[in-house]
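Trainee: Here is what each chain is made of, one letter per residue.
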Amino acid sequence: MNYRFDWSVLWSGQSGAWLLHGVLTTLAMSALAWLLALFLGILAGALRTAPLAPLRALATGYVEFFRNVPLLVWMFFWYFAAPPLLAENLRDWLFDHGAEFWAGTMALGVYHGARFSEMIRAGIQSIPKTQFEAALSTGLSTGQVYRLVVLPIALRLIIPPLTNESLNLLKNSSVALTIGVAELTFQTRQIETYTAKAFEALTAGTLIYLVLCLTIAAVMARVERRFAIPGMIARVGGAER
Amino acid sequence: MDFGVIYRNWDFLIVQGLFGIGNFVGGTLRLAIPAMLLGFILGIFIGLARLARSAWIRVPATVYVEFFRGVPLVMVIFWFWFILPVVLRIPLPEYGIALAAFIFFESAYLGEIIRAGIQSVPRGQIEAAASSGLSSAQTMRHVVLPQALRNMIPALVTQFIVLFKDTSLASIIGYVDLTKAAQIVNNREIRPFELYIFIAAVYWLCTYAMSRYAQYLERRLAPA
Numbered sequence: 063m064n065y066r067f068d069w070s071v072l073w074s075g076q077s078g079a080w081l082l083h084g085v086l087t088t089l090a091m092s093a094l095a096w097l098l099a100l101f102l103g104i105l106a107g108a109l110r111t112a113p114l115a116p117l118r119a120l121a122t123g124y125v126e127f128f129r130n131v132p133l134l135v136w137m138f139f140w141y142f143a144a145p146p147l148l149a150e151n152l153r154d155w156l157f158d159h160g161a162e163f164w165a166g167t168m169a170l171g172v173y174h175g176a177r178f179s180e181m182i183r184a185g186i187q188s189i190p191k192t193q194f195e196a197a198l199s200t201g202l203s204t205g206q207v208y209r210l211v212v213l214p215i216a217l218r219l220i221i222p223p224l225t226n227e228s229l230n231l232l233k234n235s236s237v238a239l240t241i242g243v244a245e246l247t248f249q250t251r252q253i254e255t256y257t258a259k260a261f262e263a264l265t266a267g268t269l270i271y272l273v274l275c276l277t278i279a280a281v282m283a284r285v286e287r288r289f290a291i292p293g294m295i296a297r298v299g300g301a302e303r
Numbered sequence: 012m013d014f015g016v017i018y019r020n021w022d023f024l025i026v027q028g029l030f031g032i033g034n035f036v037g038g039t040l041r042l043a044i045p046a047m048l049l050g051f052i053l054g055i056f057i058g059l060a061r062l063a064r065s066a067w068i069r070v071p072a073t074v075y076v077e078f079f080r081g082v083p084l085v086m087v088i089f090w091f092w093f094i095l096p097v098v099l100r101i102p103l104p105e106y107g108i109a110l111a112a113f114i115f116f117e118s119a120y121l122g123e124i125i126r127a128g129i130q131s132v133p134r135g136q137i138e139a140a141a142s143s144g145l146s147s148a149q150t151m152r153h154v155v156l157p158q159a160l161r162n163m164i165p166a167l168v169t170q171f172i173v174l175f176k177d178t179s180l181a182s183i184i185g186y187v188d189l190t191k192a193a194q195i196v197n198n199r200e201i202r203p204f205e206l207y208i209f210i211a212a213v214y215w216l217c218t219y220a221m222s223r224y225a226q227y228l229e230r231r232l233a234p235a
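Protein sequences, first through last, are from chains A and B.
In case it helps, my numbering puts the first sequence at residues 63 to 303.
In case it helps, my numbering puts the second sequence at residues 12 to 235.
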């Protein structure tokens, strides 16, 4: 291999600024999409237990359709297919204000919302019914049972799969490079394009992702241990991406 | 709305894009199926290495798994795209690059499924096999692996669904799969709404059928 390493390409010229901008865009897009996904996930999860059949069907349809189609297809959909359906002045405003960023955020948030909903549902369903009955029989009201017993257990059971899924969301934000969002992978490619130093650029991008993911995973592992319920093992979620 | 665009380009979208039969080396299934099979073979070694007693084997396998699970698939595809031709000193077609990237990436995830499957076999089985005089390799081959494989079948089907969806990312290096085929048709016909909704429906049909199958297997294979 006659490749000459030149690590200085990572801090000479604009590379440093590009990488920093990429990290910030990745984090901003992931954070916004995470909030949207959590909102949609809770909403869809709640609607699936609604007493009205059409509402349940709507929520089920949303979850099943959005999580079973590749994120990349949704990226293209929200960027290329959705804006022409908007009113003209709204569309013009959007394309003046970073349409690709918002399309990417929508795609990520709506796709992961469907997956969050499944995690939340599995977490709540894994609470034994007897817990609920036991709490009622000690004289608590239904509201108190939810507030004092069901929610505290459910939240703790949901933390591990939700952390996994949140990390997937962060990694999946890299798919937004296909519609031109200047996130971390996009900036890594840009450094490669300008310097022809693929190995160095990819190493920088990869290490940043690893550091981000391992840091979040370590923090969440501490949270998990702090709130763990001794003897109760969650059987929630899979290794799905 | 003009869904005639689907009818006019059916051959390119479905026959070429999904099944890979046509002028291009491509196709979603032609990438997903070999990637799963070869990734599974590599995954068995990774999974076994993760359970090895010697740290010299266990630690590198753990680093391998943590690396691939901590990095976006897009990044892995770019690594293989830039590095593989340099290391091997031969130009590689997109198919070879995508296949290699998916095999290595999937083997990390499949390795974890295999590890969990092996760990799901009760300890007593291993002790019983050892006390009946089998060596540890024989125990693994004749007692542990057959049961472990059965336990992991639903997880493997689920992983195949994930891989099937992920192959859409091979289009970023120019591999002509279903997603790329839709992009190419869209460049000519400018019908993004119809095209993307259509391929979304195709992906959905395939994955929904597979996930129902996984649920069925899970019920059927559940220990009574």
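It is worth saying that the hints were derived from the structure and are not from the lab.
Mixed in with the good hints, there may be bad ones.
[Claimed, not checked] Here are some chain A residues pointing at chain B (derived, C-beta under 8 angstroms): (1) Asn130; (2) Val131; (3) Pro132; (4) Phe139; (5) Ile241; (6) Thr257; (7) Ala260; (8) Gly267; (9) Tyr271.
Note that this is a predicted model, so its numbers are computed, not measured.
Where is the CB? At the ideal position from N, CA and C, for every residue including glycine.
Trainee: If a hint holds in the structure, say so; if it doesn't, say that too.
Mentor: Now the hints, each set against the structure:
no.: 1; hint: Asn130; verdict: holds (4 angstroms)
no.: 2; hint: Val131; verdict: holds (4 angstroms)
no.: 3; hint: Pro132; verdict: holds (4 angstroms)
no.: 4; hint: Phe139; verdict: holds (4 angstroms)
no.: 5; hint: Ile241; verdict: violated (11 angstroms)
no.: 6; hint: Thr257; verdict: violated (12 angstroms)
no.: 7; hint: Ala260; verdict: holds (4 angstroms)
no.: 8; hint: Gly267; verdict: holds (6 angstroms)
no.: 9; hint: Tyr271; verdict: holds (5 angstroms)
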